[in-house]
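**Q** Sequence:
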Amino acid sequence: MFHQYKINRLLKLNHQHRRLRQKLVNKGKNQLRIIGGEWKRRVLPFASIEGLRPTPDRVRETLFNWLMWDVQNAQVLDLCAGSGALSFEALSRGAANVVMIEPNHNQAKILKENIQLLKSSNCQVMLTTAQQALPTLKTDFDLVFLDPPYSLDLWQQLATLVDPLIKNQGHIYVEADRDLRYLQLPNSWQLIKQTKAGAVRAGLFQKQNT
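So in our numbering, the last spot in the sequence shown is 1244, and the numbers never skip.
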């Protein structure tokens, strides 16, 4: 009896050790959590790359509360996909199609793996820069995410390039580390909502052609 007790005790300790080891392994991974929609609470990995920072949960939740039903059946373009947090959130909430642009090979591979994991057939990953991809796109978009690496200061350049692809009354989400008024965005983009979380400034614009 005592021998069996020792065996059971050792098995239990071994199981606890394996669980703790797995926790430590998972803790080192970069992960994002989908907040709402079909894939609510799903956790997805992303690569460890300098400057890659998913939109904070609080800001993402605010954005999709602003958009509400406008994301349903929308054609979406993610100019600097990164972790894919915004794209996967849009898909989870009913977007018709999402184009993700990501120049980093490792992260683009992970994005494709996450698409397979979610069994999504309405999402495309383009392994290139936004500057190279935009002239090749023929679709008009209802919703665009403009969230480039802050250090590259690409807001004005990408906004100018993407503007012809945005439908009238389409929405543009812009995220930056500075006041949105200083980004020199197109005059046709009207700021309708904005928020701040720490150093992050975020705004929702609507294109209004005259």
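Keep in mind that the hints are not guaranteed to be accurate.
[Unchecked claim] Straight-line C-alpha distance at most 30 Å; calculated DSS-like pairs for lysine-lysine:
hint: 1; residue 1: LYS1074; residue 2: LYS1143
hint: 2; residue 1: LYS1230; residue 2: LYS1241
hint: 3; residue 1: LYS1143; residue 2: LYS1153
hint: 4; residue 1: LYS1153; residue 2: LYS1230
hint: 5; residue 1: LYS1143; residue 2: LYS1172
[Stated by the list, open to error] Distance windows between CB atoms, simulated:
hint: 6; residue 1: ARG1212; residue 2: ASN1138; range: 33 to 41 Å
hint: 7; residue 1: ASN1202; residue 2: ASN1140; range: 31 to 39 Å
hint: 8; residue 1: GLN1242; residue 2: ASN1140; range: 19 to 27 Å
Note that these hints are calculated values from the structure, not bench results.
Just so you know, even glycine gets a beta-carbon here, dropped at the ideal spot from N, CA and C.
**Q** Hint by hint, which ones does this structure get wrong, listed from lowest number up?
**A** 4, 6 and 8
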